[in-house]
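J.: Residues per chain are reported as follows:
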Amino acid sequence: MKRRRFIANTLRTAALLGAVPRVVVGKSQEGDRPMSLTEPEAETLSKWCDLLAPGAARAGVARFVDQNISGSFSESMLLLRYLDSDAMLPFYRGGIAGIEQESQHRFAMGFARLDMQQSGEIVAAAAQSKTEAWTTPDPNFFYFISRSDAVDMVYGTEAGFAQLDIPYLAHIAPPKPW
Amino acid sequence: MTDHTYDAVDVVVAGSGIAGSTMAAELAEAGFSVLVLEAGPERKLSEMVSSQIWSRRLRWAGPEVIEAGDLVGAANFAMGWGTGGAGLHWYANWYRLHPDDFRVNTLHGKSLDWPVTYDDLRPWYDHAQAYFGVSGDAKADQWSPQSDPYPMPSLPLSRQSQALKKGFDAVGLSLVSNSLAVNSQSYDGRAGCILDGWCDAGCPIGALANPLVLQWPKAFKAGAKLRHHAYVSKITTDPSGKRATGVEYLDEQGARHFQPAAIVIPACHTIWNARLLLLSASDHHPDGLGNGSGLLGRHFTSHALTTIHGLFPDETEPYRGVTGANTLCLEGYDDKTPAKGAFGSRAWLAAQATKPNDLLGLALARPELYGAGLDDYMRRAARHYGNMTVLCEETSIPENRIELDSQKDRFGLPAAKVTNTLPKDNSARSDLAKAEGLKIFKAAGVSEPWAGQRAPMHMMGGTIMGGDPATSVTNSFGQTHDVENLFVAGASLFPTPGAVNPTATLAALVFRTAKHISDNRAALLR
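Chains as they are written, first to last, in the numbering used here: chain L, 1 to 178; chain Y, 179 to 704.
Pulled out of the complex, with its shape left as it was, chain Y reads as follows (with noise of 0.2 Å):
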């Protein structure tokens, strides 16, 4: 029973993040009628305070998860909680999986095929490329994947990266400017980036591509509507179990609403993407909707990260620029097999903005110090830091996964549960990685430089696309196997990470999807 119902829209998206966002404006601008439903508050501009403190009310605030295995820890930190989501304070990082990523099983024999190539994603790519604005040098980065030119030249070499830079040159890799969606000039009536390393608390100015300047107006403006507060706990299917209907939302008071539609979109973050599609179970769907290969929930990846410290003897001014990064190397990605042992591809990011504090902050990179030997540190910190992190890629497999527990949220439901252990290749070749960033950055001049632990970073599937429904739990455009009028947008849809952040990619998929949906519409709304 649910205590409201409203009149029925074309589309209902769950999630106001990039991907909900992103779909709601090309939706509404295809003409559809749209509905939002974030669980989180409403966000402005002005709330982006420069500040590490504050700038936590911008992370997830919902229900907690539920976290086992060796790679996995921070959940929160990684998603957002009002309009526009983790969009709010992601870090703009711009990246294409390279064309192996999509056929890793095919040439390895492990881990999965995507149902698509490079070349089917590469127009959404250079689509999503100028509609976020990304600034970059394709010209210096012969190792990524070829594409359209960057909208706008990259963002300067920053002193970090000048640093560093002497390290990379000496063991013979290249570290090229970073490719960012981030304003290195003014575009498309948005700022050019000050550098002033503040990315991670939003960006009010609009330099960094972020929902509340890009996706949000042009979704208004095409009539998408944005309902907060809405936690969205089920998707309701017809009789027959074959087409959805709608869905159930919770708001803050607990109270239980029906929003009508004809075509469901969650776009959420991954994991509740795939809770959500868990807790949809049915008579027809009794293992969860789209659950017909029985894999919904399994083939969660993540990125096993490395992060490379160390004191440098110039000042590098550490809390200027980015805090994504400022130099890429991906120089050697494609290697996937790099040692007897060892897989998957890894990519450096060199040159992050620090600030004193947070989890990413000058004071954590050194967790052991505390007292005066604290303050000493970060007397020195504060002007002769250098850091960079790589990603390494982690094997799909599907005993990662999400699932739902028996412990009940703080609205009464099954908590999700994730479920993360690095392959033990994988792991070798993150253990590879560490020693290299420990060998540049003596290269580049620091005497001690140290590796953080192993952390995830990033997180990417459970509800699997792929061309057999047996094995998979969407088609190429994200719509469910099992429910024609259901599709999922997001990185939940990712068979395989490869060893970059997922944002460009996730983009391509959602502008590829709204295609489809729009060509679709008659057969859709039905």
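Looking at chain L on its own, in the form it has when it is part of the complex (with noise of 0.2 Å):
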């Protein structure tokens, strides 16, 4: 699959990364341990979520990739069963190994250690195809599912909408936020 034909070839990095809040990300944050993915691994991604969607890391996004990549296929909320049904554990294992690479590459540190201005960096070079070290999973569509993946948790559930100050019109609640 051409996975980058989801995202405008002339990326343009309009994002503000040095407005965006740090979120420092811990267990009191993330609820239980995660079942598949590994605590540093839910850190790494939490921390990149966040930076994509602030606001993501507080919503538990680690969680919901997490769990929604450890149980049955057919129940995954994920958007990547669109795009690439087999294999999920291995795609996020593999984009958070990609992460940590390209920070160790920059910055010989660890991605969990970067100020805003380095892991932003490693953002907007994944966002336009730019790393120097991480080449797979592609990052540029690694950043495709982990951004979705953010936003889901800060604007795609109710409290997210509520925040965007937009009706939910709900015909059947969900019965929790996924």
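No wet-lab data here; the hints were simulated from the structure.
So the derived list for chain L, only partly shown, Cβ under 8 Å to chain Y, looks like this:
| # | residue |
| --- | --- |
| 1 | S74 |
| 2 | S76 |
| 3 | L169 |
| 4 | P174 |
For every residue, glycine included, the Cβ atom is placed at its ideal position computed from N, Cα and C.
Build the complex from these two chains, which are given one at a time in their own frames, with help from the hints.
T.: Printed below as a string of structure tokens:
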């Protein structure tokens, strides 16, 4: 599958990374221990997604991803199911490893220790397909999917609609956000 | 070898979506014993949770599709999983192909002709729109083919449409109310639409015609049976190879079952119809069942879709309305040669209800934004966003196809591979439409409209119908030329795609085929 088709060829770095508030991610925000990801992997994913959509970590994005790659594929609520049916866990695990690889390559330290400017540089590189060490899974596609996960958590729930100040208008309200 | 064999039925149908459920209801009401095999789980209206996140469970979860070419992608998004198939999350845009769409080859020397004309199908379109319940404004939409009056008036013009209409007016094009299988008022015991914009997640009140509220109640009442978690893997034939004897299917545990039947009808999504026939190769049919022409799997088509987006000065309430489209522009549709080097019809579907997330949501309209930039955009888009989609025709060529791949799926069967590349003159047509769309948005007062990347929408062909067994897989009733009691139902039958959503045509063909089967009952059940 040509994964980049969903992303404009001429990506613009329009985000103002410097204005994104840093969110410290820990067990207290992410809940129970992850089922498939390791705790360091979950923390990397949380921090990454929070850069993409501020608030994603607090909303539980790592747990959202972890739970939905741990159950049956048919019950998965991840957008990835539209695009890449099999091997969800390897995809996320590979992307997280890619973030760490890029972080080590650029700054000689783990992603968790990067400051806002440094971590933002890696996000921008993935968004623009300009990573230097991270090659698989396609960084641009991982950006696309993980950004969607972050958007789900921040804007796609009843709380997210309320934050945007638009009515939810449910026929059947979700029994829980996800 | 199979683990279980069942009592024979008159008709076995593979797939419980719109094609399969409509066929089941029609044939059961005509007195046939009908069994439908559905690959996915049982679905209930209570599962139609208003959430883009939850709605993903309604999407395809069967074997993966391998895709190649420049107009493929997100096949799983378009297909359903469970009772009702994609009919649980379809958008209910309801259009007829135009008379010229049925004879493209005759008129333009490319693509194909259908073995039927618009006039042949018109009574079936009329029947289908009454059956499904269609709202619209035929008087205003003078560019759609002639039809019976729509059963219901159109839905009200949304604020998005009002904003967009200024642009269409300014460029001299007519934007009219859309025709939809969505109730604008109570119809046939089903409620009217409340315009909450959750069609994409399923409509539990049944205002949008879906199989759980429309076909399956009729089918069950007439005695049709439905078996879930039954993934049909092969159509079997008798020793002569001239008659189908039933189907083999796999259950959740991978156990093999055999269901004998006098008539076999694949009514799956386009990809799976073709793949099932290809998987059913035998000594008499070494290249697949119904492949005497060598064209099984070929002439796959799609619609080249481009989305136009913008933020309007006034509030547009983008979260409200219907997911399909509130308004429509078919003016100019019949001009298939709008410029030198450009070929194909185009249709504008405008003002689609848009929620914040998911593949067609606000956020993914601007995939390059993240962080604070994304948040700024989301807060404005949530109230000021507008969009429209253009569907452009793809010429039917044999190189675009569905085939079996050397890779195996989770059941150990050859995976389905779809190759689709948009012909050059169709690509030029799509580019013209994109420019037209941006012009309309600017004329509507949007200072910086933008276009999404071209993408595929709808999948058709692969088991095309035709009058000549040498150049088609089935006749006009979907009956395979090679096996008399094997029929195909669904958009895989379409020789050409036009530039409009396929379900109205799919439904018209199902009703026509069901009548043909019923009229030939004795010969087919022998």
